[in-house]
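Work out the full structure: start from the sequences and follow the hints.
2 protein chains.
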Amino acid sequence: MTQAIATQDPIITSDSATFTKLVSKEGGTEYDLLPINICEETFAPLEVAYDYDKIRHQVSRETIAAGPNSIWRYRPFLPVATDNVIDVGTGMTPLVKSTRLARRLGLKNLYIKNDAVNMPTLSFKDRVVSVALSRAREFGFSTVSCASTGNLANSTAAIAAHAGLECCVFIPSDLEAGKVLGTLIYNPTVMAVKGNYDQVNRLCSEVANTYGWGFVNINLRPYYSEGSKTLGFEVAEQLGWKLPDHIVAPIASGSLFTKIYKGFQEFVKVGLVQDKPVRCSGAQAEGCSPVAQAFKDGRDFIAPVKPNTIAKSIAIGNPADGVYALELAHKTGGNIESATDAEIIEGIKLLAETEGIFTETAGGTTIAVLKKLVEAGKIDPDETTVVYITGNGLKTQEAVQGYISEPLTIEAKLDSFERAWERAQTLERLDWQQVLV
Amino acid sequence: MTQAIATQDPIITSDSATFTKLVSKEGGTEYDLLPINICEETFAPLEVAYDYDKIRHQVSRETIAAGPNSIWRYRPFLPVATDNVIDVGTGMTPLVKSTRLARRLGLKNLYIKNDAVNMPTLSFKDRVVSVALSRAREFGFSTVSCASTGNLANSTAAIAAHAGLECCVFIPSDLEAGKVLGTLIYNPTVMAVKGNYDQVNRLCSEVANTYGWGFVNINLRPYYSEGSKTLGFEVAEQLGWKLPDHIVAPIASGSLFTKIYKGFQEFVKVGLVQDKPVRCSGAQAEGCSPVAQAFKDGRDFIAPVKPNTIAKSIAIGNPADGVYALELAHKTGGNIESATDAEIIEGIKLLAETEGIFTETAGGTTIAVLKKLVEAGKIDPDETTVVYITGNGLKTQEAVQGYISEPLTIEAKLDSFERAWERAQTLERLDWQQVLV
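Line order of the protein sequences matches chains A and B.
Just so you know, we're using the UniProt record's numbering here: the first sequence kicks off at 1 and counts up by one.
Just so you know, we're using the UniProt record's numbering here: the second sequence kicks off at 1 and counts up by one.
These are calculated hints, taken from the structure and not from any lab test.
Keep in mind that a hint or two might mislead.
Since the list can't tell identical chains apart, any single copy or any two copies may satisfy a pair.
Computed list of lysine-lysine pairs in BS3-like fashion (alpha-carbon distance at most 27 Å, straight line) [as the list claims (entries may be wrong)]: (1) Lys242 x Lys54; (2) Lys194 x Lys413; (3) Lys372 x Lys25; (4) Lys306 x Lys413; (5) Lys413 x Lys331; (6) Lys269 x Lys413; (7) Lys97 x Lys296; (8) Lys194 x Lys378; (9) Lys413 x Lys378; (10) Lys21 x Lys54; (11) Lys331 x Lys349; (12) Lys331 x Lys276; (13) Lys262 x Lys331; (14) Lys262 x Lys306.
Here is the structure:
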């Protein structure tokens with residue numbers, strides 16, 4: 001059996017470390033910096049606390065800009081004690097100023113944060129895993145693991161391979177082919193569990209208690225989830241050290257959504273950006289929308305659902321941070337909306353055709369919800385709005401197959417091309433006529 | 001019919017522009033900066049010439065480092081006259097210092113330049129297309145096109161969509177599914193030509209002469225190919241403004257290979273790095289290795305071949321810049337080697353398992369050749385060696401299916417997991433025993 005903790009001091013901290021303890025999100029009970037994630041008293045999630053005075057003395061816009069071209073430029077805000085971090089270039093993905101999608105939607109200041117090209121495995125999960133595995137190494141875990149809807153398994157397997165850690169990942173057995181192969185290629189052990197993500201997650205909690213493994217999103221979750229703050233940091237830096245007016249991001253467990261906002265707040269706290277209101281709006285797939293339902297119903301609790309949607313990467317029926325996501329949307333004057341599978345596919349196509357960004361179903365959900373919110377007058381055309389694209393379309397090719405055009409097959413001869421081109425022009429005109437009717 | 005050139009001044013230059021003319025690679029005949037690619041006298045390719053004194057006055061390490069986080073930080077070295085460039089965050093991909101692959105191969109200073117996560121479409125082609133379409137827009141082309149083995153079609157379609165240009169791409173009809181879908185999603189016209197790349201390319205030359213389109217790799221080729229220099233620039237900057245001792249890169253048309261070196265030389269010319277020898281070694285798939293064959297045979301000419309390999313993205317039987325690639329390897333003391341399809345698959349797996357980077361068949365070829373060169377003593381363990389990974393494995397999933405392990409399917413119960421885990425451990429031990437026997 002693998003040993004849980006091989007080091008002398010499982011707390012692992014250093015003089016320059018800025019993170020000080022774990023704190024319960026309900027009641028504030030404090031814990032040592034151990035690989036634990038649940039408050040023993042309230043069963044609430046634990047969160048990392050920092051010494052912001054210490055951070056303020058360590059960072060400035062200049063030190064950050066001179067840092068590595070990755071999430072590790074924000075190192076004082078991340079819960080890793082030693083300098084031995086795993087840096088494979090994760091983060092610093094483009095913030096693209098939209099022209100064509102913005103025009104289509106009638107927005108004047110739309111930006112797309114494109115984590116579909118995040119490194120190394122093309123989703124925002126590379127951020128949280130880079131942090132979690134750096135911390136796992138500090139704890140001395142030699143085997144790392146996760147419960148995943150696909151992207152997290154890709155990322156954990158890849159970064160574990162890079163770092164030379166043993167890896168065993170758990171996924172629902174009905175995942176998209178690209179996500180399964182995109183894990184297996186790194187040669188971890190892959191457990192395909194007959195059941196949905198929530199069942200996989202429950203099984204993993206049991207395994208975490210029995211085996212001494214570092215589960216990135218279970219016993220390492222407090223450290224892991226801090227990685228998502230970098231999606232807030234980067235946007236603020238890329239906007240010229242300013243906060244946006246409005247963000248739209250997907251909600252799965254709710255962690256990403258709330259941590260982006262935590263990132264903004266921390267930048268304010270240490271004086272890197274000016275304080276201002278940021279409205280936070282969330283996107284869910286209608287086939288798994290427990291947070292959007294609660295928002296719609298005006299409830300302050302989440303009723304778990306059984307997922308049934310093509311947006312598998314965000315299909316969490318019992319979201320761990322759902323109630324905090326709900327709170328955040330209310331508190332900031334945002335909204336939480338859902339999109340049907342058909343709208344999700346249209347969202348994927350819309351983003352690809354207007355911006356040249358091919359996202360997976362989660363990104364399609366976010367774009368579809370962005371569109372809905374604009375149409376409902378819930379996003380002001382003048383607001384500086386940032387929409388978060390969190391994963392790559394090459395991993396969920398099944399979702400769009402059958403909904404896009406086919407190539408025109410021709411002979412390698414000019415006249416064959418000319419006939420096909422004429423046909424294509426006619427078809428396009430017919431398409432437009434149908435649209436205009 | 002689309003107009004070829006809609007602007008008043010088809011030469012398109014500006015006072016600050018650093019590029020001055022097109023020059024024939026054989027004989028040096030000079031041409032105006034038009035959308036042309038072949039010398040009328042010698043039929044040799046045309047290349048962009050620069051005023052390096054002017055560049056020297058425009059750039060320093062500091063101005064570059066303060067520039068955008070993309071290839072456009074090297075703008076004075078790129079043949080685009082106006083400020084209206086297409087910047088979707090292309091370039092500035094990680095240069096990863098290898099530990100685990102390096103150890104496996106017995107190298108001490110191995111770096112991986114990872115364009116498998118290039119933006120927006122996950123191959124180095126985004127570099128050349130960003131330059132070509134920026135220039136195409138200056139020429140006033142409203143329709144852009146290309147002859148492609150897949151990656152170029154992805155990139156042209158995506159960046160054209162972003163820029164709002166009409167797009168029609170040509171591919172061989174037997175491409176990998178991911179490459180076809182990864183083009184169609186942007187909604188261009190796709191012509192699937194019954195034939196290999198060389199036949200597609202010939203057809204496109206005819207179309208380019210007849211229709212007034214901007215073909216990125218035909219009439220725009222002199223501008224397009226300059227984009228590959230950024231793979232030289234970035235490596236030099238990321239090594240701390242130093243040139244490497246040895247590079248290993250794939251050879252398809254030979255353009256990428258030679259332009260990386262041109263990038264190094266230009267940095268020397270303007271005083272950004274110190275001059276030193278850089279050995280340039282090239283990789284081809286054995287099933288399409290006209291340049292490697294010529295190198296092996298000691299010939300100074302390329303005998304075209306009919307491609308037959310899983311490495312479709314580099315399967316060019318009649319490479320336009322093959323002879324220059326050959327020359328460069330000889331001149332710099334490098335080598336050109338080929339890898340079989342089986343070795344290519346092993347190369348993909350080796351890179352994934354040791355570094356967490358999932359590359360396509362072209363990258364597998366490069367890793368396989370790197371390994372061969374090390375084993376043959378043709379790379380010194382102490383040399384600072386950079387291996388170029390040029391595309392993403394999610395686009396060529398077919399190539400590795402059947403060569404990787406399967407997930408272990410289990411029930412969502414602890415005892416089901418435990419049985420599977422024990423089995424996995426036993427299998428792994430057996431694997432090792434087989435290796436040791």
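Here is how each hint holds up against the structure:
1. Lys242 x Lys54: within (22 Å within a copy, 36 Å between copies)
2. Lys194 x Lys413: Classified as between; 10 Å across copies, 51 Å inside a copy.
3. Lys372 x Lys25: neither (32 Å within a copy, 55 Å between copies)
4. Lys306 x Lys413: Between copies only: 19 Å across chains, 54 Å inside a chain, cut-off 27 Å.
5. Lys413 x Lys331: neither (63 Å within a copy, 39 Å between copies)
6. Lys269 x Lys413: Neither way: Lys269 and Lys413 sit 65 Å apart in one copy and 45 Å across, limit 27 Å.
7. Lys97 x Lys296: For Lys97 and Lys296, neither the intra-copy (31 Å) nor the inter-copy (50 Å) Cα distance is at most 27 Å.
8. Lys194 x Lys378: neither (40 Å within a copy, 50 Å between copies)
9. Lys413 x Lys378: neither (53 Å within a copy, 44 Å between copies)
10. Lys21 x Lys54: within (14 Å within a copy, 56 Å between copies)
11. Lys331 x Lys349: The answer is neither: 32 Å in one copy and 48 Å across copies each exceed 27 Å.
12. Lys331 x Lys276: within (13 Å within a copy, 60 Å between copies)
13. Lys262 x Lys331: Only inside one copy: Lys262 and Lys331 sit 13 Å apart there, 56 Å across copies, limit 27 Å.
14. Lys262 x Lys306: This pair counts as neither: shortest intra-copy Cα distance 29 Å, inter-copy 57 Å.
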